[in-house]
Amino acid sequence: MISVFVALSVAFGIASVLAVSVVQRTREIGILRAMGSPRRQIERVFLLQGGVLGLLGSMAGAAAGYILVWTFNTFGPGLFPIPVAPALIPGAMAIATLAGVLAAAAPARRAARLDPVEAIRYA
Amino acid sequence: MPELEAASGSAEVLRLTGLRKSYAVGTPVESEVLHGIDFLIEQRDFAALIGPSGSGKSTLLNLLGLLDTPTVGEIHLLGEATSAMDDDARTALRGTALGFVFQFHHLLPAFSALENVLLPRMLRHGRPTAEDVGYARRLLADVGLEALAQRKPSQLSGGQQQRVAIARALMTQPRLLLADEPTGNLDTATAAEVFALFRRINREHRCAVLVVTHDPRLSGTCDRTIELVDGRIVSDKRSGSLA
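Those protein sequences? They're chains U and X, same order as listed. Each residue of the first sequence is one higher than the one before, starting from 0 at the first, in numbering that gives the first Met the number 0. Each residue of the second sequence is one higher than the one before, starting from 0 at the first, in numbering that gives the first Met the number 0.
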């Protein structure tokens, strides 16, 4: 249950970052469209960005978590050890990457549908 | 090495027929901005589109650039009717046949001048080849910026940034260069230099040039002046020096 909520919070976090990114890059998106970039290409850029954010975030999170658990197990009170299954880490990273791509779907679609004329004029 | 294209059999680049553009179609506030535009752009044309604010110049330029679709009428680009094309087909044609220069250079700040020039090529074909890089360098040399190829846009002056934007517009060897107030952000001397560059491009790259400008001194240097008032072409004059 906890992991579901963690995945949901990752997805919402990435979706909000990308929604802001689409707004900030509106004019650049318009220029790329004017230069002949198809809608699908714009969509792919943001989907990729979502996936990369999920992957890099989960790598950093996994490394930080691993170090904290190791510190607790080594220097902690020693009442109980916290087990970490190494196989869990790539699985969690894969889920976070997928969550990033899925979270990027809505902002990516919005970026791809921007009217180039309006996007170029966007101040 | 991509070669500059030779002239095709026909000199016609763009033809507009009965072009009308309305906004808010089907609503009580529907308004027609362009009221039936007909004209032809030929490969030799170095033309200015002039007119007061609100005359429909930008709307017309967006239609010519296939960035927008007309409500009525047809745009033929290189002989192809474009109104029935879907977005992908119009985007592909736009990317190969047209070059754009805007009032603001709109260069991507994280990329060098050379990378910005290569961008249109990369968007269509991915990683640039050595030939592409060589061609982009030639274009930068053409606009007098070969030595500044590795500089970021923030390290260039306003005139230099606009010249990079012009080189970028030429990267796909377009048949028509559309420029929307390209000198609106530049001082008089730099604006004249940019116009001289457009003229050279028109001759050397065999590329028609259509420039929207408010500046009568600059439009006076063009071979053809099309004047738009209240969404209608009120005059279309060629200078006497041309046959």
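FYI, nobody ran anything at the bench for these hints, they're computed from the structure. The structure presented is a predicted model; accordingly, all values stated were derived computationally and were not measured. Every residue, glycine too, gets a C-beta built ideally from N, C-alpha and C. One or more of the hints may lead you astray.
If you anchor each label on the Cβ, the simulated ranges turn out as follows [stated by the list, open to error]:
{"hint": "1", "chain 1": "X", "residue 1": "Leu107", "chain 2": "U", "residue 2": "Leu67", "range": "38 to 44 Å"}
{"hint": "2", "chain 1": "U", "residue 1": "Ser15", "chain 2": "X", "residue 2": "Ala146", "range": "41 to 47 Å"}
{"hint": "3", "chain 1": "U", "residue 1": "Val3", "chain 2": "X", "residue 2": "Thr26", "range": "55 to 61 Å"}
{"hint": "4", "chain 1": "X", "residue 1": "Thr95", "chain 2": "U", "residue 2": "Arg43", "range": "16 to 22 Å"}
{"hint": "5", "chain 1": "U", "residue 1": "Arg108", "chain 2": "X", "residue 2": "Thr187", "range": "43 to 49 Å"}
{"hint": "6", "chain 1": "U", "residue 1": "Arg108", "chain 2": "X", "residue 2": "Thr68", "range": "18 to 24 Å"}
{"hint": "7", "chain 1": "U", "residue 1": "Gly12", "chain 2": "X", "residue 2": "Glu41", "range": "51 to 57 Å"}
{"hint": "8", "chain 1": "U", "residue 1": "Trp69", "chain 2": "X", "residue 2": "Arg137", "range": "55 to 61 Å"}
If we take Cβ atoms under 8 Å as the criterion, some of the chain X residues that face chain U in the derived model are [to be verified]:
{"hint": "9", "residue": "Leu66"}
{"hint": "10", "residue": "Thr70"}
{"hint": "11", "residue": "Val71"}
{"hint": "12", "residue": "Arg93"}
{"hint": "13", "residue": "Gly94"}
{"hint": "14", "residue": "Phe110"}
{"hint": "15", "residue": "Thr224"}
{"hint": "16", "residue": "Val228"}
Hints versus structure:
1. X:Leu107 to U:Leu67: 38 to 44 Å: Holds - the Cβ-Cβ distance for X:Leu107 and U:Leu67, about 39 Å, lies within 38 to 44 Å.
2. U:Ser15 to X:Ala146: 41 to 47 Å: 43 Å Cβ-Cβ, so the 41 to 47 Å window holds.
3. U:Val3 to X:Thr26: 55 to 61 Å: violated, 46 Å
4. X:Thr95 to U:Arg43: 16 to 22 Å: Once the Cβ atoms are compared, 21 Å apart, the range 16 to 22 Å for U:Arg43 and X:Thr95 holds.
5. U:Arg108 to X:Thr187: 43 to 49 Å: With Cβ atoms ~45 Å apart, the hint holds.
6. U:Arg108 to X:Thr68: 18 to 24 Å: holds, 21 Å
7. U:Gly12 to X:Glu41: 51 to 57 Å: holds, 55 Å
8. U:Trp69 to X:Arg137: 55 to 61 Å: The hinted range 55 to 61 Å holds for U:Trp69 and X:Arg137, with Cβ atoms some 57 Å apart.
9. Leu66: Because about 5 Å separates X:Leu66 from the closest Cβ in chain U, which is inside the 8 Å limit, the hint holds.
10. Thr70: violated, 15 Å
11. Val71: violated, 18 Å
12. Arg93: holds, 5 Å
13. Gly94: holds, 2 Å
14. Phe110: violated, 11 Å
15. Thr224: violated, 25 Å
16. Val228: violated, 22 Å
Checked against the numbered hints given earlier, this structure breaks hints 3, 10, 11, 14, 15 and 16; the rest are met.
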